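Novice: Sequence:
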Amino acid sequence: MNNKINIAIDGPAAAGKSTISKRVAERLGYVYIDTGAMYRAVTLHVLNSGREVMENLNDVDIRFSNDAHRSIYLNGADISSEIRSPEVTENVSAISSIQSVREYLVQMQRVIAADKGVVMDGRDIGTTVLPDAELKIYMKASPEIRAKRRLEEEQERGVDVDLSTLIQQIIRRDDLDMTREISPLRKADDAILLDTSHMNIEEVENNIIRMAEELLRGE
Numbered sequence: 004m005n006n007k008i009n010i011a012i013d014g015p016a017a018a019g020k021s022t023i024s025k026r027v028a029e030r031l032g033y034v035y036i037d038t039g040a041m042y043r044a045v046t047l048h049v050l051n052s053g054r055e056v057m058e059n060l061n062d063v064d065i066r067f068s069n070d071a072h073r074s075i076y077l078n079g080a081d082i083s084s085e086i087r088s089p090e091v092t093e094n095v096s097a098i099s100s101i102q103s104v105r106e107y108l109v110q111m112q113r114v115i116a117a118d119k120g121v122v123m124d125g126r127d128i129g130t131t132v133l134p135d136a137e138l139k140i141y142m143k144a145s146p147e148i149r150a151k152r153r154l155e156e157e158q159e160r161g162v163d164v165d166l167s168t169l170i171q172q173i174i175r176r177d178d179l180d181m182t183r184e185i186s187p188l189r190k191a192d193d194a195i196l197l198d199t200s201h202m203n204i205e206e207v208e209n210n211i212i213r214m215a216e217e218l219l220r221g222e
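When we follow our numbering, the leftmost residue of the sequence shown carries the number 4, and every step to the right adds one.
FYI, nobody ran anything at the bench for these hints, they're computed from the structure.
Bear in mind the structure is a predicted one, so any value in this text is a computation, not a measurement.
Note that beta-carbon positions come from the ideal geometry of N, C-alpha and C, so glycine has one too.
Incorrect hints may have been included.
Claimed, not checked - Below, in silico cross-link-like pairs of lysine to any residue (SDA-like), each with a Cα-Cα straight-line distance of 20 Å or less:
{"#": "1", "residue 1": "LYS143", "residue 2": "THR22"}
{"#": "2", "residue 1": "LYS25", "residue 2": "ASN203"}
{"#": "3", "residue 1": "LYS143", "residue 2": "LYS190"}
{"#": "4", "residue 1": "LYS151", "residue 2": "SER167"}
{"#": "5", "residue 1": "LYS143", "residue 2": "PRO187"}
{"#": "6", "residue 1": "LYS7", "residue 2": "ARG30"}
{"#": "7", "residue 1": "LYS143", "residue 2": "ALA191"}
{"#": "8", "residue 1": "LYS151", "residue 2": "HIS201"}
{"#": "9", "residue 1": "LYS7", "residue 2": "GLN112"}
{"#": "10", "residue 1": "LYS143", "residue 2": "THR131"}
{"#": "11", "residue 1": "LYS143", "residue 2": "LEU179"}
{"#": "12", "residue 1": "LYS143", "residue 2": "ILE170"}
{"#": "13", "residue 1": "LYS143", "residue 2": "ASP198"}
{"#": "14", "residue 1": "LYS151", "residue 2": "GLN172"}
{"#": "15", "residue 1": "LYS7", "residue 2": "ALA28"}
{"#": "16", "residue 1": "LYS143", "residue 2": "LEU196"}
{"#": "17", "residue 1": "LYS151", "residue 2": "ASP163"}
{"#": "18", "residue 1": "LYS119", "residue 2": "ASN6"}
{"#": "19", "residue 1": "LYS143", "residue 2": "MET181"}
{"#": "20", "residue 1": "LYS25", "residue 2": "ILE195"}
{"#": "21", "residue 1": "LYS25", "residue 2": "GLU156"}
{"#": "22", "residue 1": "LYS7", "residue 2": "GLU137"}
{"#": "23", "residue 1": "LYS25", "residue 2": "GLN112"}
{"#": "24", "residue 1": "LYS119", "residue 2": "LEU219"}
{"#": "25", "residue 1": "LYS151", "residue 2": "ILE204"}
{"#": "26", "residue 1": "LYS25", "residue 2": "SER83"}
{"#": "27", "residue 1": "LYS25", "residue 2": "ILE75"}
{"#": "28", "residue 1": "LYS151", "residue 2": "ILE174"}
{"#": "29", "residue 1": "LYS7", "residue 2": "LEU219"}
{"#": "30", "residue 1": "LYS119", "residue 2": "VAL109"}
{"#": "31", "residue 1": "LYS190", "residue 2": "LEU179"}
Stated by the list, open to error - Quick list of simulated restraints, FRET-style, between CB atoms:
{"#": "32", "residue 1": "ASP81", "residue 2": "GLU217", "range": "35 to 41 Å"}
{"#": "33", "residue 1": "GLU217", "residue 2": "ARG54", "range": "46 to 52 Å"}
{"#": "34", "residue 1": "ASP81", "residue 2": "ILE174", "range": "29 to 35 Å"}
{"#": "35", "residue 1": "GLN110", "residue 2": "ASP192", "range": "19 to 25 Å"}
{"#": "36", "residue 1": "VAL162", "residue 2": "ASP118", "range": "35 to 41 Å"}
{"#": "37", "residue 1": "TYR76", "residue 2": "ASP118", "range": "20 to 26 Å"}
{"#": "38", "residue 1": "SER103", "residue 2": "GLU29", "range": "30 to 36 Å"}
{"#": "39", "residue 1": "ASP118", "residue 2": "THR168", "range": "41 to 47 Å"}
{"#": "40", "residue 1": "TYR76", "residue 2": "VAL162", "range": "19 to 25 Å"}
Start from the sequences, fold in the hints, and give me the full structure.
Specialist: In structure tokens:
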């Protein structure tokens with residue numbers, strides 16, 4: 004018997020979902036799927052091609068590397084850095100709200116998760132993509148805390164941006180994600196709320212691992 008579960012981790016932008024999901028997947032020996040990166044990949048493809056979204060979907064081949072870098076490839080090219088550009092960030096919410104894009108990627112994500120043992124993070128994993136996931140986590144933190152975390156990430160990549168700009172970007176992204184018509188950002192009724200504002204990475208990781216192990220033991 005496949006003694007594995009699927010873990011859905013949702014929450015607003017810059018809540019630390021990707022970092023935590025990678026660590027949890029590594030600890031459990033699970034597959035990590037960064038759905039946000041998938042939407043960014045489609046957004047980058049649309050921006051680069053200048054064509055309509057519907058004309059682009061059949062040309063999109065998204066793959067993740069299995070190494071520690073967890074690189075994402077679009078049609079064979081490593082786009083891990085490109086999808087984090089300000090232009091992609093400004094447009095990803097609009098592109099990801101298009102029904103055809105969501106349907107295309109949700110189907111891809113469900114196929115990946117069919118055999119269990121997946122940690123998937125995004126905006127609507129527990130509500131739409133994997134509503135039957137055995138463990139659902141909704142991570143949150145204040146816009147100011149999230150902006151400070153994003154600032155550190157950008158500085159590490161050599162990107163010059165100020166904190167106030169990041170705070171405004173995050174507030175705007177929250178509003179777009181929560182008010183979009185298709186699969187808006189919201190906590191699933193059976194998701195566990197995890198406020199990470201005053202928790203470090205290890206504390207968040209250990210909390211989720213504990214919950215997963217309890218489920219696997221049938222507690």
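Novice: Run every hint past the structure and note whether it holds.
Specialist: Comparing the hints with the structure gives:
no.	hint	result
1	LYS143 to THR22	holds (14 Å)
2	LYS25 to ASN203	holds (15 Å)
3	LYS143 to LYS190	holds (10 Å)
4	LYS151 to SER167	holds (10 Å)
5	LYS143 to PRO187	holds (15 Å)
6	LYS7 to ARG30	holds (13 Å)
7	LYS143 to ALA191	holds (13 Å)
8	LYS151 to HIS201	holds (13 Å)
9	LYS7 to GLN112	holds (17 Å)
10	LYS143 to THR131	holds (19 Å)
11	LYS143 to LEU179	holds (16 Å)
12	LYS143 to ILE170	holds (15 Å)
13	LYS143 to ASP198	holds (5 Å)
14	LYS151 to GLN172	holds (12 Å)
15	LYS7 to ALA28	holds (12 Å)
16	LYS143 to LEU196	holds (8 Å)
17	LYS151 to ASP163	holds (13 Å)
18	LYS119 to ASN6	holds (9 Å)
19	LYS143 to MET181	holds (13 Å)
20	LYS25 to ILE195	holds (19 Å)
21	LYS25 to GLU156	holds (16 Å)
22	LYS7 to GLU137	holds (9 Å)
23	LYS25 to GLN112	holds (16 Å)
24	LYS119 to LEU219	holds (12 Å)
25	LYS151 to ILE204	holds (14 Å)
26	LYS25 to SER83	holds (15 Å)
27	LYS25 to ILE75	holds (13 Å)
28	LYS151 to ILE174	holds (13 Å)
29	LYS7 to LEU219	holds (7 Å)
30	LYS119 to VAL109	holds (16 Å)
31	LYS190 to LEU179	holds (16 Å)
32	ASP81 to GLU217: 35 to 41 Å	holds (38 Å)
33	GLU217 to ARG54: 46 to 52 Å	holds (48 Å)
34	ASP81 to ILE174: 29 to 35 Å	holds (31 Å)
35	GLN110 to ASP192: 19 to 25 Å	holds (24 Å)
36	VAL162 to ASP118: 35 to 41 Å	holds (38 Å)
37	TYR76 to ASP118: 20 to 26 Å	holds (22 Å)
38	SER103 to GLU29: 30 to 36 Å	holds (33 Å)
39	ASP118 to THR168: 41 to 47 Å	holds (42 Å)
40	TYR76 to VAL162: 19 to 25 Å	holds (22 Å)
The structure agrees with every numbered hint stated previously.
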